[in-house]
Structures are given as C-alpha cells and as structure tokens.
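Asker: Each protein sequence line maps, in turn, to chains P and F.
Residue numbers for the first sequence follow this note's numbering, so the first one is 1 and each next one is one higher.
Residue numbers for the second sequence follow this note's numbering, so the first one is 1001 and each next one is one higher.
Bear in mind the hints are in silico, worked out from the structure with no lab data behind them.
Because the structure is a prediction, the values reported are computed rather than measured.
Please note that a few of the clues may not be correct.
Simulated pairs of lysine-lysine, DSBU-like, Cα-Cα distance not exceeding 35 Å [to be verified]:
id: 1; chain 1: P; residue 1: Lys330; chain 2: P; residue 2: Lys78
id: 2; chain 1: P; residue 1: Lys191; chain 2: P; residue 2: Lys109
id: 3; chain 1: F; residue 1: Lys1204; chain 2: P; residue 2: Lys78
id: 4; chain 1: P; residue 1: Lys341; chain 2: F; residue 2: Lys1205
id: 5; chain 1: P; residue 1: Lys218; chain 2: P; residue 2: Lys286
id: 6; chain 1: F; residue 1: Lys1205; chain 2: P; residue 2: Lys78
id: 7; chain 1: P; residue 1: Lys179; chain 2: F; residue 2: Lys1163
id: 8; chain 1: F; residue 1: Lys1204; chain 2: P; residue 2: Lys109
id: 9; chain 1: F; residue 1: Lys1205; chain 2: P; residue 2: Lys330
id: 10; chain 1: P; residue 1: Lys179; chain 2: P; residue 2: Lys218
id: 11; chain 1: F; residue 1: Lys1069; chain 2: P; residue 2: Lys78
id: 12; chain 1: P; residue 1: Lys469; chain 2: P; residue 2: Lys330
id: 13; chain 1: P; residue 1: Lys78; chain 2: F; residue 2: Lys1163
id: 14; chain 1: F; residue 1: Lys1082; chain 2: P; residue 2: Lys179
id: 15; chain 1: P; residue 1: Lys191; chain 2: P; residue 2: Lys179
One letter stands for each residue in the lines below.
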Amino acid sequence: MCGRTLSLLVCLLALVGCQTPQKTREPTDVDGFYGGDLDMFLGHQAQQAASESRARALAQVNCASAALCKHDFSSAQKFLELASATMWSFSAEGETEALRVKEEPKIYKGDPYEKAMASFYLGMIDYMNGHFENTVASCKTAILADSGSKTNLFDSDFTPAFFLQACALRALGQTESAKDGFQFTKGILLKRTTASVVRQAIISAVYQLRDSCPSNEKQDLLNAVELYFNALGISKPSLAPPGEVFDELSQTVATQIADLRKSSGSPSISWETVARWSSRLTHECKRLLASSNADEFRTLSTFLVATFDSLSATNSNVLIIVDLGRGPRKFSAGGRNQQIKVIRGIYAARAARIQVGNLVADTFRLEDVWFQANTRGGREMDSILQGKATFKDLTEAGGALAATASIYTLPLALLLWAAEASVNATADTRCWECLPGEVHVAALTLQPGEYDVNVSFLDALGRPLFLSKISGRKCTVLATRPTLWYLRSVGGNLSL
Amino acid sequence: MNPSKPVQPEKSRSHGIAVLLLFGLAFALSGCVTGGAGNSHATNLHPDDPRKISGTGVDSGDVRSIGQKMARALLDLPEFNKAANERPAILILPVRNYTRFRIDTAVFTATIRDLLLEQAGERLAFLDPTVPSELQGKPLVEVTPEAVAANPDLFKNINFFLKGELHSVSVAAPQGVSDYIRYSFQLVNRRDARVVGNGSYETKKEGLHGIVYQ
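So that you can see chain F by itself, here it is in the shape it has in the complex (with noise of 0.2 Å):
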C-alpha cells in the first residue's frame, strides 16, 4: 500500500503568499516609473505634414494650402488670361488679422506671391513693397488703397490690389479649444474699386484635454 503524500497546508499557502507579494512589488514599482526621459530630438518634417505638437492654431500646412487654392483661383480670373502687350501688376496690400492668434502676416503675401510668380510669372508681375519704389523714394509698406485714389499719378502702375481678412470663431471649455478661422482674399480693380476675383478657405481644429488638463 502506498499511502498518500500528506498535504502541505504551510507550503501552498506560502506558495500564494510569495504570489501575492510578487503582484504587489508589480504594481508597486510600476508607480515609480516615469517615461520620456531621454527621448529628446528633432525630426525633419514637410511642411504639409501635421505638427506633433498639437494646436489650434494657423499652421505651415494652412499657408501652404491657402496660398495654393489663391494662386489658382486667381489664374482662372480673365484678368490674367488676356492677350495682352503688359503684364497686370498687383500689389499685395498687408493681411487683416482678426483672428486670436499672433500672426506674421508677411508670411501669407510672400507665400501667395511666389506660387503666383511660379506658376505664372509670364503673366502678371508683382510690386514689392519693400522695396523702395523710384516714384517715391520710400517703401510702399503703408501703402492702403485711401493713399492710391488720393494718389492716382503715383500708384498708375498698380493694376490690381491683392486684400486679405483672416477672422476667427473661438469657443473655451474647461475639455478644450475649438478655433474656426476663414482666411479670405479679395482682387480689386485699382481703377474702378471693382472686386474681380476672391477666394476663401476654411479650416476648424479642436484641441481637447484630458482629464488631468480640465
């Protein structure tokens, strides 16, 4: 006969115990971890692709996608499309901003300015207002169109001016931000004051905490 092997009450219960302490020093030292340390760098990124670090704000993907849907809205316009011995000469008058956030403005116009010129530089010109202009002998940078009809002789070789508004809705909650901002740009007639052509663009970003932000 071959008795049994006893049962070890002392054993298994020190079996479970050593498991249970095992879940606890687990779960304990998984407390005292922190992360991100360490992970300090930088990445090249296009501008057209979306930012890691998250905003509701204007950014390089909009410029580019607003001064892209201008540019071609604007060669469709007649305007640039006649046969004609001279080319139309705009000036880009400094971008309204009405929106919440600090924006570089000059970014808008040069970034307009330069797909316009690539895409059709045989066909229009632009006047720099920067740059000091032989009829003045100073910088157009003041330039508004009040100035151009009190002036007419001065401004004759403007043909169009180039306006544009950027205006935000905005909307705070203690779970996040929500920004609606339309950018809109106007071509006007020097001579007549006639809007020619205009455009739009629309973006709405919303950022939201989370619960340790609210």
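Next up, chain P with everything else stripped away, as it sits in the complex (with noise of 0.2 Å):
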C-alpha cells in the first residue's frame, strides 16, 4: 500500500514537473513598438537577440523593425542579415521536441511572408545604397520565400518584391526586364481585383443555395466551391469584367467535373451530384454579377492601371515605401489549441498622403500583409497537432474511465494521464508582429537637394486622421541615382 502510495506521489511529482507555467504576455514590448516607445523595445529585443535563444531570429527581426522606424539602416541590414541566416538555414534544434512535446521550443524561422518581408526589407536598404544588383539578389530571395507553397495554387504573388525588383532592374539599366517586372505586378493587382469581386459573389451564391441544399449533399455543394476557389487561383490576370471571367472559370470547373466523371477519381465522392450543385453555383454567381456594376468594375481597374503606371513612370527618381497600420497576428485556436489563427492588426490608416514641398501624393497599396499571411494553404505539422490533439483527447477520456472503473485500473488511469501530460497539442503562435498592416509606395519627380517630408494618413473615406502624422522629416534626394525613402508612422511623430 505504501508502494502504491509512493507510486502515485512520483507520479503526480513527473506530471507537475511537466507543466509549464502561464507565461504571461508582455504588453509592453509590441505594445510599445506601435506605442512609439523604440529605445525601450529595442533595448529589450536587442538583449534576446543576443541570446542564445531558439527565438532570437524573432527578436532580430523584431530589432529590424524599431530600427527601420528610427531610420538606422545599418543597424537595421545588420539585423535582418542575422536574422535571414537562422530563417533560411536547414538546421533541425528542437525538432524532437516540437513533435513528441510542444511545437514553440522549435527554432523560429518565420512563415513564408515573414521570410519574404525580411528579405524585401534588406532589398530596400541596399536599394538606399544603390547597391541595385543585391536589390534584385534580395527581391528574388523574397519572391522564392513566397512560392513552393503546399498546393500549387498559391503561387508566388508578393508585389513588394516584384515592384521593387523592376525598380532595381531600371536603375541598372535593364529597361526592358524592368518593364516586364513592372507588367507582372499590375498583373497581379488586376488579378486580385477581378478575384476578390468573384469570390465574393461565389460566397454570396453559397450562401443563397445553402438553405435549399439537404444536409446529405452540403459536402457534395462545398466540393462545387472548392473547385471554383482552385481555379480562380491560377486563372490568368485579366482586365476583363467579373462576369466574363467567371464564365471561363465555369467552363474550367465544368471541363473539370466531366474529367473526374470519367475517371471516377475520389470513389467516396459523388461527381454527379457535385455537377449538378456545381450548375446551381454557376447559375447564382452570374446573377448576381449580372445585377452589380460592372461599369464600377472597370473604372476601378482603370484607375488601378492609371495610378500603377504613374508609379513606374520612368522618370520619377525618388521611391517612396510607407509602411501602414499593424501587422497580422498568430493566435491558436481549437479544444486544445491546435490550430493557428492569423488575425489583421487593428488600424484606422487606408492611406498616406505625403508632401514635398508644392507637390502632394497619395501613397498606393501594394500588398496587405494579412493577405500573404493568409494565403500560403496550410502547413504539415497542423496534422500532427490535430493528431497531438485526438491522442490527448482519447488519453484523457481512457484515463478518466480507467480511474473510475475500479481500483486495479487506477494505475492505468495514472499512465494514460501521464502519457497525456506529457503531450502538447499548442500551435506556436510566435510571428513578427512590428511589421506593417500594408505596404504602401509613391513616386515623385524630384531634384537633388534635402527636403522636408510631411506625412498624413488617410482613413477608408480619405479624411486625414488626426492624431497619425509625420512632420518635417529630412529626406535626400541624390543627384547620382534613384532615392528610396522608408517611412513609417510609429517612431515618427505618433503612432497609430
């Protein structure tokens, strides 16, 4: 009996042990980024980038970022080189543990967008340096990092990246590749134009046809949609109307559907009854793009078209990157936290007004960052923390039946409890959270000399926000080559 006694009390000693104690988020840190307080984050990540820390890439990324904000340049490059070495690097510390135990203690190396972000930004500053050709190295690094994802569907799409590297190409002289670089983005933009008024009508018509579908066939309706989403993934840009390009995506789920008929690929799908969801779709969509306006549509395209060739005019000399708003954040999600969650920073800034002297500009969105957080279709281990999840969900349910069985299967129950402590289903939820909500450029004509840079941000209806502005920035514009200035708002004269 005092064996058992013992027994139970190791135990219950090993599961204590297992615990990890509630660490406790630190509002200061991120908090005081955006709150402008740079000396103090950077103080503080500065000591964790130093560390031997499996996370210290975050905290150099994250010295990047304040560094960016104080214009430290070099300071900055320093970092993100530290940095970029562990991101890309192949070395395995913590793998063992990130799958028998818990996902955080692996090294961080970043998502894809945080890869590409890092990147872009050391392209930026050798860009500054007029270092074009390490511009492209980097814009190239940045592109790779966002492509290869787990499905073909997401290819590469970061427009930073490929903006950025067309401008370097001009400053050397390759007019024609910049050209092609330039051609490639707006292609891009157009593409997400087009893409986001046709999904959205895809979901408006899911959600008009959800009511009339019996519960047998939604698998077989969400199917249809799947196909739908997959092809207007790899559809080619286009400046034609919503509705025209959603008549070719229908022949392409069409064409689609018969092959798999045919082939009687997925046995455990019904091919017809998704067809015949699949006909509905397709007829909903086109009336409801029938009835928006598609006139709207195309001044919208033709504006983006307007401003964007503005942008890569050939002679503007001076590039303007702004940083907007706060960026996404990871959070976990599920009954046992298995799952990640990117949620958008909050921000009230759509836009930057920048003013140089008489002339005024209005920045353009280039990317969303909470976009390329959110299209990269999933990673390999969010199958083995939902298989982390069931083994403790099952362990837990066997220990509590064992224990209350009888008092032979209370060792049992001990074992799988044991077992059950000793797993970890917690996604890491670790991310870069100084970067930017969106990337923002403008270019201007400028002649050499030093100027003063006033910076107002804009609100979703244009009105200046009252408390975010930058005032009397100096900024250089040289004689020998193209100028690039970063600007930011926190860390300029308020924050956001």
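Using the supplied hints, reconstruct the complex from the two chains, each of which is provided in its own coordinate frame.
Answerer: What follows is the structure, given as structure tokens:
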C-alpha cells in the first residue's frame, strides 16, 4: 500500500514537472513599439537577439523593425542579415521536442510571408545604398520564399518584391526586364481585384443555396465551391469584367468535373451531385454578377492601371515606401489550441498623403500583409498537432474511464494521464508582430537636394487622421542614382 | 510434507503496477527534457571546411574553389606564357551577380587576384581599381568596357579585362530549397574584345526541412 502511495506521489510529481508555468504576455513589448517607445523596445529585443534563445531570429527581426523606424538602416541591415541566416538555414534544433512535446521549442524561422518581408527590407536597404544587384537578389529570395506552397494554388504573388525588383532593374539599365517586372506586378494586382469580386459572388451564392441544400449533399456543394476557388487561384490576370472571368471559370470547372466523372477519381465523392450543385452555383453567381455594376469595376480597374503606370513611370527618381498600420498576429484556436489563426491588426489608416514642398502624392497599396499571411495552403505541422489533440482527447477520456472503473485500473489511469500530460498540442503562435499591415508606395520626380517631408495618414473615406502624422522628416534626393525613402508612422511623431 | 508456498496475487500485482508506473514516469519525464542548453561555443574552421550552419548559398569553400580553378585556367593561357618584356596587365571588372543571393562580389575578385599573384606574380600584373590612378586622378571603380572603348588612350596600360558573372536557378517547395549556381569568368582582350579565355564552376545545393518546418 505504501509502495502504491509512493508511486502515486512520484507520478504526480512527474506530472507537475511537465506543467509549464503560464507565461504572461508582455504587453509593453510590441505595444510599446506601436506606441512609439522604440528605445525601450529595441533595448529589450536586442538582449534576446544576442542570446542563444531559439527565438532569437524573431528578436532580430523585431530589432530590425525598430531600427527601420528610427531610420538607422545600417543596424536594420545587420539585424536582418542575422535573422535571414537563421530563417533560411536547415538546422533542426528542437525538432524532436516539437514533434513529441510542444511545437514552440523549435527554432523560430518564420513563415514564408515573414521570410519574404525580411528579404524585401534587405533589398530596400540595398537600394538606398545603391547596391541594385543585391536588391534584385533580395527580391528574388523574397519571391522564392513566397513560392513553393503545399499546393500549387498559391504561386508567388508578393507584389512588393516584384515591384522593387523592377525598380532596381531599371536603375541597372535593364529597361526591358524592368518593364516586364512592372507589367507582371500590375497583372497580379488586377487579378486580385477581379478575383475578390468573383470570390465574393461565389460566397454570396453559397449563402443563397445553403438553405435549399439537403444535409447529405452539403459536402457536394462544398466540393463544387472548392473547385471554383482552385480555378480562381490559377486563373490568368485579366482586365475583363468579373462576369466574363466567371464565364471562363465555370467552363474550366465544368471540364474538370466531367474529367473526374470519367476517371471516377475519389470514389467517395458523388461527382454527379457535385456537377448538379456546380451548375446551380454557376447560375446563381451569374445572376449576382450580372446585377452588380460592371462599369464600376471597369472604372476601378482603369484607375488601378493608371495609378500603377504613373508609379512605374521612367522619369520618377524618388521611390517612397510607406509601411502602414499594424501587422497580422497569430493566435491558437481549437479545443487543444492546436490550430493557428491569423488575425488582421487593427488600424484606421488606409493610405498616406506625402507632401514635399508643393508636391502632394497619395500612396498606393501594394500589399496587404495579412493577405500574404493567410494564403499559404497549410503546414505539415497542422496535421501533427491535430493528431496530438486527438491523442490527448482519447488518453484523457481513457484515463477518466479507468479511474472510475475500479481500484485496480487506477494505475492505468495514471499512466494514461501521464502520457496525456507529456504531450502538448498547442500551436506555435510566435510571429513578427512589428510588420506593417500594408505596404504602400509612391513615386516622385524631384531635383537633387534635401527636403522636409510631411506625411498625413488617411482613413477609409480619405479624411486625414488627426493623431497620425509625420512632420518635417529630412529626406535627401541624390543626384547620382535613384533615391528611396522609407517611412513608417510608428517611431515618427505619433503612432497609429 | 513441505507444502508449496501459496502464491500471493496481491504482491505480484503491485510489482506489475510499480513497473508500469516506472514506465509512465520515464515517459512523462522524457517529455520534459529540453536539449541544447549550455552548448554555446565558437569553433575555428578552415575556410574549405563545410559550415555547420547549413544553407544553400555561396560558401567560403565555393569562393576558394572558384578562385583556384580560375587561376589555373588563366595561367594555362598562352597569353601569360609568352616571353615578353612587359607583363600583361589585367583589370578585374566588378563581378555581376544575377543570383538570388546578396553577395559582396569584391570577395571573388580579391580571391582570384591574390591567387594569381601568388602563383604567377612574375608573369602578369593587376591594376587596382580602388587606388586613384595617376592617369585619371580618380578611382577606376566605375570603369566599364564601354568607358575604356571611348577613351583608348586613358586605358592604354590595360591588356585584358577579367569579367565575371554569377547566375542561379532556384526552386522552392515545402520540403526545402534547391539552388544551382553557375560562376563564369571571361578574359577579354582590350584591343579587339576577343575572348581569349574562359571558365566556369557550378554548384548545386539542396536544403531539406524536417517535417516540423514544412
């Protein structure tokens, strides 16, 4: 009896040992960054960046963000180079622990969008220093980081890298390649505009159809929707109105379904029912798109093309990159916190208005960082974490059952609970929170010299935000080569 | 009669339980172990040694291998084996980088120049583009073949240009990244733009992520 009690105590002790004390989030850190207290933030992060912590690359990129805000580009470059070495390395420290126990002990290497942003910033600093070849190299790396997703649906569409690469190629005198680069970037932006209208129509159509869909056919409806979204992901950029784009899309989907019916691929799916729902979906989408204003879309597309063409005009010698708003943040969801969700940072600004002397230019949104964080197609680790969560559910339930069955099954219950406690399904939610919400650009043609730059930030209705502005920032235009200015609201006069 | 000792079911059961508990304890504790702590140290490596921090980019070993290969290729050229009063002078132009890697290309030019001078300093000479030239009164860093062609008298001391380019083909997948890099060099005669020698060096590196990082 005494031995049993001792064993019980030892087991309990082991279980207690496995419990990680709850870490309280340090609100002063990232909030301090967005509050403009950059020195405090930099001091704290620099300590971690120099440590042997497995999250040191995260601290390094955070330091780089703060250094960029302070216009200390040399320090930002050093931090980004250090972080990139880890982010692109293939060392696998903490891999076993991440698999067996908890994901977080693995080395922070960042998600593809974080790697892409780090490379983009390096390219931006190289551009400032006149190292245009290295800018092109960094942009290629950023594009590569954004490619090679789990499925081929999310091909590289990281517009800041494509745009900066084209600017650098133009600075190197490779005008034809630069022109191609600008065209390609414009194509991505156009495709996104069309795709968002079509995607919205598909979602609305599903809402219309779901009530009339019997519960045993709901999965077939979802399969039809998936085919549409997949086809939309790989469609070519087009200036055509969404209605015409959707017509092409519906033909592609119809052909796919016909092929799948013939090949009888995925026997568990009734392709006949999928085809029926696809047909109804097509009908509903066409009705919705026909009722929407095609002229409005054409105006929007024409405006996008005109704005972008003025941005890529050959006579502009000053490129301005403005980081706007608060970047996306990850949090864990699911019964065991095994799922990763990315939420958009909250900020009011939608554009920046730059004033240099008498010249005024509104910025153009080149990238939505949250969109990049959300279009990756999943990770292998997600299914492992889901497996861990299921294991924990089963062992916990088994333990409870064994504990209540009889006194003889109590050790089995303890064993199951010990096994359950040794596994942690919580997803790794570390992320580069200092990233901006959006990357904006503007281009100006200015004579060489020093200028006072004022920036006001505009809300969704184009009204200046009272509390957000940068005043009297000294910026220089070089005579010998193209110039790049980087601006961000935090670390300036006021935060967003 | 010595009756056999009666079996004690309670005792054997408790032994079994103890063993089970020990296994459970070992399993639970094994999950708590964190490795890697206290392993910080610096190691002296030879530049040719493979690095432990793995990546698919340009390595010090690559730079040295390329330098050695280029130096051997150039020294075999008849232009540098003629008996002549004057040593041919070479101007190394900045290496053009078309890869996805940010590279300080000066390291390539410096390595090749040093290796060539070390092996055949008596047979050739280099113009240092970073030192102000008496002819120009300013550094030759921005010198290009076009600039030379436009000002033949200004550059009459140069016999050859050594041009270098780096190209890459990179592929990414969730499992990892593959990078093929081609380094090529050309020796060009200043007078007639004839390519008198060339050489190339290729590397292909593949980095694979463990499942945790995919």
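Asker: If a hint holds in the structure, say so; if it does not, say that too.
Answerer: Now the hints, each set against the structure:
1. As the CA atoms of Lys330/P and Lys78/P are separated by approximately 26 Å, the hinted pair is consistent with the 35 Å bound.
2. For the given pair, Lys191/P sits about 30 Å from Lys109/P by alpha-carbon distance, which is consistent with the 35 Å threshold.
3. Distance restraint check for Lys1204/F and Lys78/P: the Cα-Cα separation of roughly 27 Å lies within the 35 Å cut-off, and the hinted pair is therefore satisfied.
4. With a C-alpha separation of about 34 Å, the suggested pairing of Lys341/P with Lys1205/F holds against the 35 Å cut-off.
5. The suggested pairing of Lys218/P with Lys286/P holds, with an alpha-carbon distance near 21 Å, which does not exceed 35 Å.
6. Note on Lys1205/F and Lys78/P: the hinted pairing holds, with a Cα-Cα distance of about 25 Å set against a maximum of 35 Å.
7. For the proposed pair Lys179/P and Lys1163/F, the alpha carbon gap of about 27 Å is at most 35 Å, so the pair holds.
8. A hinted pair counts as satisfied when its Cα atoms are at most 35 Å apart, and Lys1204/F with Lys109/P qualifies at roughly 23 Å.
9. For a cut-off of 35 Å, the pair hint linking Lys1205/F to Lys330/P stands: about 33 Å separates their Cα positions.
10. Only pairs whose Cα atoms come within 35 Å are accepted, and Lys179/P paired with Lys218/P is rejected, the gap being roughly 47 Å.
11. Proximity of Lys1069/F to Lys78/P is assessed by CA-CA distance (about 32 Å); at most 35 Å being required, the pair is judged to hold.
12. Simply put, Lys469/P and Lys330/P have alpha-carbon atoms about 28 Å apart, close enough for the 35 Å limit, and the pair holds.
13. Between the alpha carbons of Lys78/P and Lys1163/F the distance comes to roughly 30 Å, so the proposed pair stays at or under 35 Å and holds.
14. For the hint linking Lys1082/F to Lys179/P, the alpha-carbon distance of about 48 Å lies beyond 35 Å, and the restraint is violated.
15. This hinted pair checks out: Lys191/P and Lys179/P have alpha carbons roughly 18 Å apart, not beyond 35 Å.
Hint compliance for this structure: hints 10 and 14 are not met, and every other hint is.
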